[in-house]
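Just so you know, the sequences run in chain order S and C.
For the first sequence, the numbering used here gives the first residue as 1, with consecutive numbering after it.
For the second sequence, the numbering used here gives the first residue as 1, with consecutive numbering after it.
Calculated from the structure, these hints are not laboratory results.
You may find that some hints are simply not true.
Calculated Cβ distances over 12 Å to all of chain C for the following chain S residues [unchecked claim]:
#1 82
#2 135
#3 148
#4 155
#5 185
#6 195
#7 202
Footprint (simulated), chain C over chain S, 3 or more residues, beta carbon under 8 Å [what the hints assert, rightly or not]:
#8 86-100
#9 162-175
Built from N, CA and C at the ideal position, the CB exists for glycine as well.
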Amino acid sequence: MKIACFYIALLLVMITGFSCKKDNYSGPGSTLTGRLVYKGDAINVEYNQVPFEVYQYGFGKTGPITGTFAQDGSYSLLLFNGDYHFTVPNGQGPFKWKQTAAGTPDTTAITMSGNQSLDLEVTPYYMVRSAQITAASGKVSGSCKIEKIITDASAKDIEAVRLYINKTQFVSGSDNIALTTIAGSSVTDFNNVNISVTIPALVPSQNYIFARIGIKIAGVEDMIFSPLVKLSL
Amino acid sequence: MNAMKIITTIIITAALFCATGCKKDSDFLNVQPTSILTNEQAFSDPAQVLSILADLYNRQLDFSSLDDGWVTFADFSESFPSENGQAGIVQRTQWDFGSWSTWDYGYIRDLNLFLERCTEAKALSDGDKTRFLAEARFLRANYYFEMTKRMGGVPLILKSLQYDFKGDPTYLQTARAKESEMYDFIISEAEAIKGSLPADVNEKSRASKGAALAMEARAALYAGSIAKHGVSTPLVTLPGGEVGIPADMATGYYTKALNAAKEIINGAAGAYALYNKKPDLQDNFANIFLDKGNNPETIWIEDFKLKSGRVHGFTVSTQPRYGAEEEEGGRMNPSLNLVESFEKLDNTYAPIPVTDALGNPIYYNDQLDIFAGRDARLGGTVILPGSLFKGRKVDIWAGYQLADGSIVTGDDRGAQKTLPGTSTPVQVVGFDGPINAKEFTAQSGFYLRKYVDPTPGAGSRGTNSEVPLVRYRYAEVLLNAAEAAFELGQTTDAANYMNMVRTRAGLTIPLTAADITFDRIVHERRVELAFEGHILFDMKRWRLAHVVWDGNKMTVTDLLSNIGQATKRNTQPWGLWPYKLYDPSSPNNGKWTYKIVLPALVTGANRFRLGNYYSFIDDNTRANNPKIVKQPNQ
Chain S
1 MKIACFYIAL LLVMITGFSC KKDNYSGPGS TLTGRLVYKG DAINVEYNQV PFEVYQYGFG
61 KTGPITGTFA QDGSYSLLLF NGDYHFTVPN GQGPFKWKQT AAGTPDTTAI TMSGNQSLDL
121 EVTPYYMVRS AQITAASGKV SGSCKIEKII TDASAKDIEA VRLYINKTQF VSGSDNIALT
181 TIAGSSVTDF NNVNISVTIP ALVPSQNYIF ARIGIKIAGV EDMIFSPLVK LSL
Chain C
1 MNAMKIITTI IITAALFCAT GCKKDSDFLN VQPTSILTNE QAFSDPAQVL SILADLYNRQ
61 LDFSSLDDGW VTFADFSESF PSENGQAGIV QRTQWDFGSW STWDYGYIRD LNLFLERCTE
121 AKALSDGDKT RFLAEARFLR ANYYFEMTKR MGGVPLILKS LQYDFKGDPT YLQTARAKES
181 EMYDFIISEA EAIKGSLPAD VNEKSRASKG AALAMEARAA LYAGSIAKHG VSTPLVTLPG
241 GEVGIPADMA TGYYTKALNA AKEIINGAAG AYALYNKKPD LQDNFANIFL DKGNNPETIW
301 IEDFKLKSGR VHGFTVSTQP RYGAEEEEGG RMNPSLNLVE SFEKLDNTYA PIPVTDALGN
361 PIYYNDQLDI FAGRDARLGG TVILPGSLFK GRKVDIWAGY QLADGSIVTG DDRGAQKTLP
421 GTSTPVQVVG FDGPINAKEF TAQSGFYLRK YVDPTPGAGS RGTNSEVPLV RYRYAEVLLN
481 AAEAAFELGQ TTDAANYMNM VRTRAGLTIP LTAADITFDR IVHERRVELA FEGHILFDMK
541 RWRLAHVVWD GNKMTVTDLL SNIGQATKRN TQPWGLWPYK LYDPSSPNNG KWTYKIVLPA
601 LVTGANRFRL GNYYSFIDDN TRANNPKIVK QPNQ
């Protein structure tokens, strides 16, 4: 009995003694947040479709920490303090990420020491400006102005303009209950694009709906969107 | 005396020591293990070598394989997966970048080792050795082909690599070859080995001359189409050529594809022909995949054998459930998207006629009447409602429709209810469904027929099936020839090859040279080769995958319009449900009417992103070998 007590006591001492420090590391504690912006305006993209990669060198194998931008173009990462390189892989996003002279995606160097907020400046092919979306009599109507940002040799045409509506805040090609498509070739005035969609039956019913206008750019996979709006029905 | 004795003992002992000590220590300790063969022993006997080769055959990769369950057959909106655990296939909104990837360099190493050891073997006859080496080279080329289809250019390792344990493995790191170099390798290997393989139509489970040429034709066709159609997706390329083939190489590849196919067609590899043994064209088409005795169509198969342990449960998983052995099956439900794409016998496309021109429902006397006058491959690929499997009618019907349009149905197989105006409950839904979310029923209104084995016992778990997986068959060679000829501008030849395949399917009005379009080629492959693991790779090489599976949900209009067009959207599997009219006052009472439905579990829409064209290479692989460049658009 005495011996058992002794062993239990010894075990407790060992557990408390050994588990306190050396083999326990604290998790990453510095938050990196920010948005995709063009001259201060947020770039809205599809949820979970535009990826980014963060590299930290100096620890043997190199592999990216990957993530995707949220619908409103924001991102957030929990990192250790240290030096990182941030990049967007080639061909991703409805925008041009800065490139090196060799034509590969350049990186943005980030030094983390404590929380940091960093907006990423990119050049989109187009911007959806002054989008007005309203709901009335079973329809959602939208109007907007489409501004062509990249006009040099790498400029791209608009393949289609689409108005999406959904019951939840995720509104895109893969998350919608209805959409209307206007082919880019049939838009006559890019300063005044009008588009509307009929609201289908909502099951179960709800008295609000989310909508946004997206532009599909020819030869670019990801779409760019207007800011999300919540409409009361 | 005593001393004498001692001396004698000493001498004898000394003599013994000398005698035993003569054997060298190294000889004494170096004992050959009795349970492991040396390379020389292993390669001393042809039967022994064949058993090593059998393992290498077994490790070949197929897109969909019969012994790997049924799920690999079920994707791409060509069917609905009727097992609730697999509903993810129709609920997800995109494929992972890692889908369909393969990176089995362990297998490549074993093939290379086999080639090296077999080359060195002394005891084998020259004839045996040549054939074994050719077979291993065929397997290696075919696996590299499989890798190239999925990953683009990969490191082309053609000898076994040995690490020297000096801490620096960089000399073992090989960069990815160009995609065109991969196809060049496969084509040149096929050319090099075809003469060493038997030109025997009955050699099916081992490599034959026909198999090598069929591989060559398919590979060259893939390369040609990537060169030609890659122009439409400039983003799907890499600057080093690891992904993408320059457009000016297209003609060269198409020519090689056509020549290789022609070599099979003109009989140089054996007397291959289209299977034409049964008078009923539907049964005949289904039998291509079931008949193992003197089947002139199949070129290379993965074979199975009953009672040998090498059997598969594909039939158990997919047979019509009602009346099946052990009441199991029903997992593969071909979609209306596929069913409606089978042509009418006058070579035109039309939706399955549910309503007449005015929009009124059509009533049919027999369930099968709605499918009458179509391509025989429809009934050979799909078990239609009202058709027979193992001599028994499948029981697929969704319920009674009443005069006012309302539906009486049940939520269990063969459920009973009382119809209005009667007092006895009657069956109101088929024992094979369709019932939404009721797994193992025909939720699209159809069951799969291709590869489903009607042999007694094949549908029971204890017996299983020995139907082989067809890897290359003659009809595909003809379609490869047709496509290559079409792309080379030889439309008359293309029409001839297409018509051979189509006549066998009952489409007896020949297509003329002017009828052959790219859409026709795409369509013909889709219906002839459905559920044979082609659709993904075909859509990829035509660069149509991101168009056809664009992530947008389908409307009924999408479904019914543009049938037969290569760019037709195909993102969700639709169904066609039969109902029986219950209206005693109507002349149509008891007749059949059909409704187009989207199975309730289908909530997602297939989305093929540009990054899906070439599967993701693992970060770990790229960290170990920094020469490996990343795939585009990921």
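Practice task
Please write out, lowest number first, the hints stated earlier that are contradicted by the structure.
Solution key: Checked against the structure, no hint fails, so every one of them is satisfied.
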